[in-house]
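> Assemble the complex: chain A is given as a structure, and chain B must be docked to it using the hints.
Chains A and B, in that order, give the protein sequences. For the first sequence, the numbering used here gives the first residue as 1, with consecutive numbering after it. For the second sequence, the numbering used here gives the first residue as 1001, with consecutive numbering after it.
Do not take every clue at face value.
Stated by the list, open to error - Restricting the straight-line Cα-Cα distance to at most 20 Å, the calculated cross-link-like pairs of lysine to aspartate or glutamate (EDC-like) are:
(1) Lys1461(B) <-> Glu345(A)
(2) Lys1337(B) <-> Asp1177(B)
(3) Lys461(A) <-> Glu1345(B)
(4) Lys337(A) <-> Asp1207(B)
(5) Lys465(A) <-> Glu1345(B)
Said to hold, decoys possible - Pairwise CB distance ranges, derived in the manner of DEER restraints:
(6) Glu334(A) <-> Gln1430(B): 27 to 37 Å
(7) Thr437(A) <-> Thr1065(B): 54 to 64 Å
(8) Asp75(A) <-> Asp1039(B): 19 to 29 Å
(9) Thr1042(B) <-> Arg448(A): 46 to 56 Å
(10) Gln1430(B) <-> Asp75(A): 35 to 45 Å
(11) Lys465(A) <-> Thr1082(B): 24 to 34 Å
(12) Lys465(A) <-> Arg1299(B): 27 to 37 Å
(13) Asp1081(B) <-> Glu334(A): 34 to 44 Å
(14) Asp1039(B) <-> Lys465(A): 37 to 47 Å
Don't read these hints as lab results, they were simulated from the structure. No residue lacks a Cβ here, since even glycine has one placed at the ideal position from N, Cα and C.
2 protein chains.
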Amino acid sequence: MTIPSPSSFDAEHEPMSLGDMDPQEFRRYGYQAVDWIADYLTNIRGYPVLSQVAPGEIQQLLPQTAPHAPESMQDILADFDTIIMPGITHWNAPGFLAYYSMSGSGPGIIGEMLSNALNVNAMLWRTSPAATELEQVTVDWLRQMLGLPAPLFGFINDTASSGILVALAAAREAQSDLAIHEQGMAGRTELPRLCLYTSQEAHSSVDKAAIVLGIGQENVRKIATDDDLRLDPVILEQTIQQDIAAGYRPFAVIATIGTTSTSSIDPIPPLVTICQKYNLWLHVDASYGGAAAIDPEMRWVLAGCEQADSLIINPHKWVFTQADCSILYTRKPELIKAAFSLVPEFLRSTDQHDESIPNLMEYGIALGRRFRALKLWMVLRYFGQDGLAARIREHRRLAQLLRQWMAEDPEVEIMAPTLFSLVCFRLHPQNIDDENTLNMFNETFMNRINANGHFFLSHTKIDGKLTLRIAIGNIHTNEEDIQQLWGEIQRKKTEVKHW
Amino acid sequence: MTIPSPSSFDAEHEPMSLGDMDPQEFRRYGYQAVDWIADYLTNIRGYPVLSQVAPGEIQQLLPQTAPHAPESMQDILADFDTIIMPGITHWNAPGFLAYYSMSGSGPGIIGEMLSNALNVNAMLWRTSPAATELEQVTVDWLRQMLGLPAPLFGFINDTASSGILVALAAAREAQSDLAIHEQGMAGRTELPRLCLYTSQEAHSSVDKAAIVLGIGQENVRKIATDDDLRLDPVILEQTIQQDIAAGYRPFAVIATIGTTSTSSIDPIPPLVTICQKYNLWLHVDASYGGAAAIDPEMRWVLAGCEQADSLIINPHKWVFTQADCSILYTRKPELIKAAFSLVPEFLRSTDQHDESIPNLMEYGIALGRRFRALKLWMVLRYFGQDGLAARIREHRRLAQLLRQWMAEDPEVEIMAPTLFSLVCFRLHPQNIDDENTLNMFNETFMNRINANGHFFLSHTKIDGKLTLRIAIGNIHTNEEDIQQLWGEIQRKKTEVKHW
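Chain A extracted, bound-state conformation:
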């Protein structure tokens, strides 16, 4: 390892012309990017929703060798259009109905433009007071919109997967007699085995968090669900009692409002009672479904959540805010801080600020925190609660409309309740009885719709039955899109039947 001596620098040498892109050049290409975006939003229905490229096709069009000399922004933007765009799956298209659609919006784009120009790190209050304070205010605005009681501490994470990990780390921290924070868990013969509970329908992020935290995937008890795919509280309590009898220490329950598969809703009030009785942390994953409560008609979906220890809602799912924006609310911020706060010397402020305002880096894994509240602030104000509620209500109306059409078609089987804006169904032609054949039929049907480019659907399995999901939630999706989808469903159904 040879360290060049400082004398190899010519300190007197004239500095080269360096720095950033010239502001005038930025203005020119910035306008061009705005025009591109405005055109994209205008023509969004013209793109195939699911990208039709073959694996490796984009890579082959890109140079494999890193660029040495600077290139012009004009060339880069041209390549964006010709090389990158064909490889985009258009989450922003009204025909994107797969997974849960994740909808950004105009004010969110503008919020992120400004946030990117500032490029602040909201790790400490002082490293951008407005970023921390605006985050606290916007998160509280959303709390009000959802009808949750104050005070409720909240902050923005990248994803619900990170948020669940944070919540369960706090739940583990709450077992303070075990000193896991300091001593860890491996090889400590005095520790009880830990376990947590969720439903068979819970998101895989629960397993992932349990694996990362060293709880182990086998210690995630997947509680059976009722006919509507809701966690069964009676079976939950029986399982907890069995675990306690077997020497385990149960420490958390994760319930879901709007499961990923079918958007079912776990019964929160009885789960609250059980968690209080056995001293368990109750985390509610309302990443998708929670947003519905912005519409006062839908407040009931969060019933009981005011007593949960933590709750996640993702504005980047159904609040028309660009990813990433996932909010973790908690009634026990002190336990999250206990789990994550480590303030090294280089981040200590010598001018101690008001303790009532948090340093948000102390509430999670990431030290660096983007100024994500800016886009959320712009979205919440631009649409207002009234505008957001009207859009959410419209998506639910469209889902019910589609469901009505399906109910009238004897070849369509509706597979789950539609509590939000997700419709779960499968085709069931009268001449097919065999479940395997039905699964293949529906898979072929889905792949044909997806290959056609106007719509992108995804699937799940319910009791082994391949079930198609239509998740309405994109801000651009309107009644005409749903009518066209229904026409496409009918055409492809006929096609596959005669195949």
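Chain B only, in chain A's frame:
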């Protein structure tokens, strides 16, 4: 819990005028935002670097009640200027010399604008093939620029803190005989105690990862450093041997290239030898320092890293790319995948794609993944390796220039080597001998500089001595800024001396 019946929807009702901001309106406010950004970048030297607001001041200017009715974008942007801007600490200002400066650039802003308009989730290859493939290509371009040998798998995380957690989860997974993934660690009497090693100068994210993973903070062995604050390999090996003798199982070593406090460099080649001998995972945290290797003159800083198991470099630190953009490289992607891969039914593709192209959600905690490669691609092409290297070299030249001036001032004590572009120093007037008084003197001096608004410095402690840090790395910082800083240092020094 009352679920309204679907009949409460009037499916025949005319839909309201909903949807997103009209594209023409977006164009108007998009232009306005571009103009604002261009002006901001032009006038960046006119803002106080460290925000001067009092705690709670921004919150008090914001309505505490959530907005019900929609508001105009014009009003929102006006409030951004008058309410939010005074609360911004300008990470983008050339006078931001605290922590490690984190520098975005024009092409990065444009990349993020387009990424935000697309708002894709790059969780699976199919959910945007271009996002996954461009990520693989750009990460490989950077590998080439750094002079690291192929093949080397890499992907983008939000922060190095998340990346270290991922790397150490893989290191824990490598202890496959322990079945931690499945069974966890608590209450398993057959498990050995686990421990890992890093230097006293390592970043707090190592402790945080160990806490989250259930290893425990006490099982992070902080190895002593030599006079240049580098991890001492001899003490490391002795400690490993003692731990093994005491029944521990060592499983990882974390080395740093460019420590947060003083930018020291741990000696990688001897650490590689030790890790191979004891079968330990070697993770290298080169978040800040690694970028220097883009300049061929500085390739030596990564010597030995080609044999590390994992390595992190943050383009959002010194590669002029907007946050968040932290790259984790690894020679053992299969172990990261083993630690994190959980593919639920709803994310399975029925059209299996080429196995050689990864689904990047399988390599970390977050399921949702923003299209972060786009900004990196634009930055790498716009500046090219030559342009990036020239800027990095210039920052190093400016640091050496400042150091020369300091060396000529008998009242300035240089506190650490300047291997990159960080200068660590303290004032040491000849009439002050007492260490406590010196610490107070330097703290007062730093707070005065920061309060003045032209520059923002941070501090660390070396052997209990309060040490000031000047971290040059912002793309706008030029020789004139450093001259003005030196003038300010002289003026404030005199002021505090006569205080």
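> Each of the hints needs a verdict: does it hold here or not?
Each hint tested on the structure:
1. Our distance criterion of 20 Å between C-alpha atoms is met by Lys1461(B) and Glu345(A), whose separation comes to about 7 Å.
2. Annotation: proposed proximity of Lys1337(B) to Asp1177(B) holds, straight-line Cα distance about 17 Å (limit 20 Å).
3. For a cut-off of 20 Å, the pair hint linking Lys461(A) to Glu1345(B) stands: about 7 Å separates their Cα positions.
4. For a cut-off of 20 Å, the pair hint linking Lys337(A) to Asp1207(B) stands: about 15 Å separates their Cα positions.
5. With a C-alpha separation of about 11 Å, the suggested pair Lys465(A) and Glu1345(B) falls inside the 20 Å cut-off, and the hint holds.
6. About 48 Å separates the C-beta atoms of Glu334(A) and Gln1430(B), a value inconsistent with the hinted range of 27 to 37 Å.
7. A hinted range of 54 to 64 Å holds for the C-beta pair Thr437(A) and Thr1065(B), which are about 57 Å apart.
8. Range check, Asp75(A) to Asp1039(B): Cβ separation about 27 Å, and the 19 to 29 Å hint holds.
9. Separation of Thr1042(B) from Arg448(A) is about 54 Å and conforms to the stated range, judged on CB atoms against 46 to 56 Å.
10. The hinted range of 35 to 45 Å is not satisfied by Gln1430(B) and Asp75(A), whose Cβ atoms lie roughly 59 Å apart.
11. The supplied range of 24 to 34 Å is broken by Lys465(A) and Thr1082(B), whose beta-carbon atoms lie about 57 Å from each other.
12. Here the CB-CB span from Lys465(A) to Arg1299(B) is close to 58 Å, at odds with the stated 27 to 37 Å.
13. Roughly 36 Å separates the CB atoms of Asp1081(B) and Glu334(A), a value that falls within the hinted 34 to 44 Å.
14. The hinted range of 37 to 47 Å is not satisfied by Asp1039(B) and Lys465(A), whose Cβ atoms lie roughly 59 Å apart.
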